[in-house]
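Enquirer: What follows is each chain in one-letter form.
2 protein chains.
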Amino acid sequence: EIVAAIEAALATDTVLPLPEGFARPSTAALKGRRVIVTSGPTHEPIDPVRYIGNRSSGKQGHAIAAAAREAGAEVTLVSGPVALADPWGVTTIHVETAREMQQAVEQALPADIFVGAAAVADWRVVEAAPEKIKKGAKNPPSLALVENPDILAAIGRRKRDRPALVAGFAAETDRLIEHAEAKRLSKGCDIIVANHVGAGANVFGGDRNEVTLISAAGRESWPNLTKTEVAARLVAAFAKKLSEARQ
Amino acid sequence: EIVAAIEAALATDTVLPLPEGFARPSTAALKGRRVIVTSGPTHEPIDPVRYIGNRSSGKQGHAIAAAAREAGAEVTLVSGPVALADPWGVTTIHVETAREMQQAVEQALPADIFVGAAAVADWRVVEAAPEKIKKGAKNPPSLALVENPDILAAIGRRKRDRPALVAGFAAETDRLIEHAEAKRLSKGCDIIVANHVGAGANVFGGDRNEVTLISAAGRESWPNLTKTEVAARLVAAFAKKLSEARQ
Chain X
526 EIVAAIEAAL ATDTVLPLPE GFARPSTAAL KGRRVIVTSG PTHEPIDPVR
576 YIGNRSSGKQ GHAIAAAARE AGAEVTLVSG PVALADPWGV TTIHVETARE
626 MQQAVEQALP ADIFVGAAAV ADWRVVEAAP EKIKKGAKNP PSLALVENPD
676 ILAAIGRRKR DRPALVAGFA AETDRLIEHA EAKRLSKGCD IIVANHVGAG
726 ANVFGGDRNE VTLISAAGRE SWPNLTKTEV AARLVAAFAK KLSEARQ
Chain F
526 EIVAAIEAAL ATDTVLPLPE GFARPSTAAL KGRRVIVTSG PTHEPIDPVR
576 YIGNRSSGKQ GHAIAAAARE AGAEVTLVSG PVALADPWGV TTIHVETARE
626 MQQAVEQALP ADIFVGAAAV ADWRVVEAAP EKIKKGAKNP PSLALVENPD
676 ILAAIGRRKR DRPALVAGFA AETDRLIEHA EAKRLSKGCD IIVANHVGAG
726 ANVFGGDRNE VTLISAAGRE SWPNLTKTEV AARLVAAFAK KLSEARQ
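Same order as they appear, the protein sequences are chains X and F.
Each residue of the first sequence is one higher than the one before, counting from 526 in my numbering.
Each residue of the second sequence is one higher than the one before, counting from 526 in my numbering.
Rather than coming from a laboratory, the hints here were simulated on the basis of the structure.
None of these values were measured; they are calculated from a predicted model.
Some hints here could point you the wrong way.
Since the list gives no way to pick one copy over another, a pair counts as held whenever it fits inside one copy or between any two copies.
Claimed, not checked - DSS-like cross-link-like pairs, simulated, lysine-lysine; straight-line CA separation at most 25 Å: (1) Lys712 <-> Lys657; (2) Lys659 <-> Lys708; (3) Lys708 <-> Lys684; (4) Lys765 <-> Lys708; (5) Lys556 <-> Lys765; (6) Lys712 <-> Lys765; (7) Lys684 <-> Lys766; (8) Lys708 <-> Lys766; (9) Lys660 <-> Lys708; (10) Lys556 <-> Lys766; (11) Lys657 <-> Lys708; (12) Lys712 <-> Lys660; (13) Lys712 <-> Lys659; (14) Lys684 <-> Lys712; (15) Lys657 <-> Lys752.
Next comes chain X alone, as it looks inside the complex:
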């Protein structure tokens, strides 16, 4: 029955009824396009065993990479530490820290679309200890932090090799839309996907997501959907924007 359960689970995803108005991209919507997606958290080391992390599961970013591949794109996924399998047919690069993620993204350029879905740590510890910090008689350490590179802004503001479409995520616990629009402008993004992550929203680690797309053209709020559905819709929206931009 294990076998039957696995087969059933594998089958479910493809026969799932699509919700009303669900826009699955055609399998050629991104044919010939190069897409870079970042996903998951970053881990910023405190010492060889401890780190600062965040609750991103990588499910949404990985689903976007898979959906872009399904839409015919050549996809590079730069993933922080997650408990997910590499998506099929996607070049996946595994990194730990924000600085490693930035380097991997820059090496993957040029691309037509950049999707910054990773929850990149805003700060890292000034200097990670080379040995495990011991709990001694001394006072607990105080961790001095320093700002990490802003990967999304760096890509959004590039002069050379800027992808035609740059999309980022905004995970906010208050004043969602206002902060998301400010983020879009300050980072030079074309699209911000805003999602609410406050207590009870269960976005981190969960399988569903409720997002608002924010672009220069305005806002578009989608209903609560599975992350797979959000990914397919996003890829369809990106493909549409890209083809409009080229005309």
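For chain X, the structure is supplied; the task is to place chain F on it using the hints.
Expert: Relative to chain X, chain F alone:
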């Protein structure tokens, strides 16, 4: 072929040849005994999305819980956030922080054996922020830390309901044995399982482990084994110690 691969993987574990001198405990070695095992890391929140964590995968602790169950014990596993399934037949309690872990362990007492395999965070942030800390024009925050409860020492030094056998782990990057023996004495443990976690040792997240058992009776170093094998050997060693103590 997916099915065949899964069946092969499931079969492998039971037909794996045992290494020379491998002591699998009898299926009744811990019959009627109560065992509490902690496993995995703890996550200490910085704000609703960020936390301080560590690289413990929980594989060794979960394997010990499963092995104790196989040896006939009634097992409670108190697990931090891990990407592992709950072991079959084991009462598994999921926690995030050191304080939650301590509370769960105390509620699970009394027990005959306590195995502290979790990598409990030594420190937590003095006060977690109720909203996500924003990256603003201000300087990066500095995280003031405060010491967490020492669960292993609290159990080892209990006057009432102290388990007959208290075992802890020591993950050290330098002067392994010396630190492990000091830990055993300072925490009131009967056994410390010392393992080397320095660069290249690949213990965190890996499937193998190389340990030295340290007790009042002396030291015993085992070869590099799978974590499943280490777990079975440890359970056999615990059962032996427990029956000696009762005589």
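Enquirer: Would you mind marking each hint as holding or not holding in the structure?
Expert: How the hints compare with the structure:
no.	hint	verdict
1	Lys712 <-> Lys657	between (37 Å within a copy, 19 Å between copies)
2	Lys659 <-> Lys708	between (40 Å within a copy, 11 Å between copies)
3	Lys708 <-> Lys684	within (19 Å within a copy, 56 Å between copies)
4	Lys765 <-> Lys708	within (22 Å within a copy, 62 Å between copies)
5	Lys556 <-> Lys765	within (13 Å within a copy, 65 Å between copies)
6	Lys712 <-> Lys765	within (22 Å within a copy, 63 Å between copies)
7	Lys684 <-> Lys766	within (20 Å within a copy, 69 Å between copies)
8	Lys708 <-> Lys766	within (19 Å within a copy, 61 Å between copies)
9	Lys660 <-> Lys708	between (40 Å within a copy, 11 Å between copies)
10	Lys556 <-> Lys766	within (15 Å within a copy, 65 Å between copies)
11	Lys657 <-> Lys708	between (37 Å within a copy, 15 Å between copies)
12	Lys712 <-> Lys660	between (41 Å within a copy, 13 Å between copies)
13	Lys712 <-> Lys659	between (40 Å within a copy, 15 Å between copies)
14	Lys684 <-> Lys712	within (13 Å within a copy, 59 Å between copies)
15	Lys657 <-> Lys752	between (38 Å within a copy, 22 Å between copies)
In summary, the structure agrees with every hint in the numbered list given earlier.
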